[in-house]
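*Asks:* The residues making up each chain are set out below.
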Amino acid sequence: NAGVMQNPRHLVRRRGQEARLRCSPMKGHSHVYWYRQLPEEGLKFMVYLQKENIIDESGMPKERFSAEFPKEGPSILRIQQVVRGDSAAYFCASSPGQMDQPQHFGDGTRLSIL
Amino acid sequence: SQQGEEDPQALSIQEGENATMNCSYKTSINNLQWYRQNSGRGLVHLILIRSNEREKHSGRLRVTLDTSKKSSSLLITASRAADTASYFCATSTGTASKLTFGTGTRLQVTL
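Protein chains in written order, with our numbering: chain A, 1 to 114; chain B, 1 to 111.
Honestly, the hints are just simulated from the structure, not real lab data.
Keep in mind it's a predicted model, so treat the numbers as computed, not measured.
Some clues are possibly wrong.
Think about it this way: if two alpha-carbon atoms lie no more than 25 Å apart in a straight line, the pair counts; the simulated BS3-like pairs of lysine-lysine are [to be verified]: (1) K44/A - K62/A; (2) K44/A - K26/B; (3) K44/A - K69/B; (4) K27/A - K62/A; (5) K70/B - K44/A; (6) K26/B - K70/B; (7) K51/A - K62/A; (8) K26/B - K69/B; (9) K51/A - K71/A.
Residues from chain B that face chain A, not an exhaustive set, calculated with beta carbons under 8 Å [said to hold, decoys possible]: (10) G16; (11) Q33; (12) R36; (13) L43; (14) F88; (15) T95; (16) K98; (17) T100; (18) F101; (19) T103.
Using C-beta positions, here's what the derived DEER-type ranges look like [unchecked claim]: (20) N18/B - I54/A: 42 to 52 Å; (21) E41/A - S51/B: 42 to 52 Å; (22) A82/B - E40/A: 15 to 25 Å; (23) S58/B - S58/A: 44 to 54 Å.
We put the CB at the ideal spot given by N, CA and C, even for glycine.
Could you build all of it, start to finish, from the sequences and the hints given here?
*Replies:* In structure tokens:
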């Protein structure tokens with residue numbers, strides 16, 4: 001009965017490289033959310049997806065960031081041409097999508113940009 | 001931008017004491033949730049209170065919600081060292097919608 005699985009737990013990239021973060025939601029959950037957390041701060045929403053659809057991307061930077069949740073496989077958050085300011089912890093959450101159901105979080109991917 | 005603001009930002013108490021954290025928000029909500037985050041880990045859901053509820057209990061946790069003041073409080077009774085963590089409130093404005101998090105309260109419980 002696995003929870004939300006994120007990998008890798010830690011990712012180091014050099015400026016200009018690409019970062020791919022993966023998230024497998026809890027079994028039975030079809031709604032996935034990505035959040036970013038800077039040190040000593042709360043989480044900030046980035047994007048909300050259902051299978052093959054982006055529902056709300058109001059928190060996503062306009063450039064270099066993209067997300068997908070394909071019919072098969074995990075959700076992917078992709079950051080192209082990373083910069084130092086992308087260093088943060090990225091959390092994925094999932095929910096069954098029903099009213100008043102909590103979101104369940106993974107342990108996050110800590111992205112460090114050299 | 002963050003909707004919620006928690007206070008205090010940091011709280012240090014001794015084991016056995018009660019800890020109270022407050023959260024304020026700005027817009028109408030569907031529900032308000034409290035999460036705990038241990039250092040280096042993800043968030044763990046503690047309790048959800050709907051907009052038409054005023055108080056909710058779960059074990060040593062008690063949450064209140066005052067929609068007229070747009071505020072909520074989390075009370076942890078008889079605290080333990082294992083309660084040491086950061087606590088965040090988060091608001092939801094619709095079905096399956098994104099969560100908007102507060103800035104968090106860092107709780108330190110000492111022996």
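*Asks:* Tell me if the straight-line CA distance from K44/A to K69/B falls inside 25 Å.
*Replies:* OK: K44/A and K69/B at ~24 Å, within 25 Å.
*Asks:* Mind checking the alpha carbons of K26/B and K70/B for me, to see if they're no more than 25 Å apart?
*Replies:* Holds, at about 7 Å.
*Asks:* For a C-alpha distance cap of 25 Å, please report whether K26/B and K69/B respect it.
*Replies:* holds (9 Å)
*Asks:* Between S58/B and S58/A, is the Cβ distance one that fits in 44 to 54 Å?
*Replies:* violated (31 Å)
*Asks:* Would the stated hint for T95/B survive a check requiring a Cβ distance to chain A of less than 8 Å?
*Replies:* Nearest chain A Cβ about 5 Å off; hint holds.
*Asks:* Closer than 8 Å between Cβ atoms is the bar; does Q33/B clear it against chain A? Give me holds or violated.
*Replies:* Q33/B check passes; min Cβ-Cβ to chain A is 6 Å, inside 8 Å.
*Asks:* Holds or violated: are the alpha carbons of K27/A and K62/A at most 25 Å from each other?
*Replies:* Given that 25 Å is the threshold and the Cα spacing comes to 31 Å, the pair is violated.
*Asks:* Holds or violated: K44/A and K26/B, Cα atoms, limit 25 Å.
*Replies:* holds (16 Å)
*Asks:* Regarding the hint that G16/B lies at the interface with chain A, is the smallest CB-CB distance below 8 Å?
*Replies:* With Cβ-Cβ at 28 Å, over 8 Å, it is violated.
*Asks:* Can L43/B be said to touch chain A, with a Cβ gap under 8 Å?
*Replies:* holds (4 Å)
*Asks:* How about K98/B: closest beta carbon in chain A under 8 Å, or not?
*Replies:* holds (4 Å)
*Asks:* For the restraint on F101/B, tell me whether the closest CB of chain A is nearer than 8 Å.
*Replies:* Constraint on F101/B satisfied, holds at 4 Å.
The structure shown violates the earlier hints numbered 4, 10, 12, 21 and 23.
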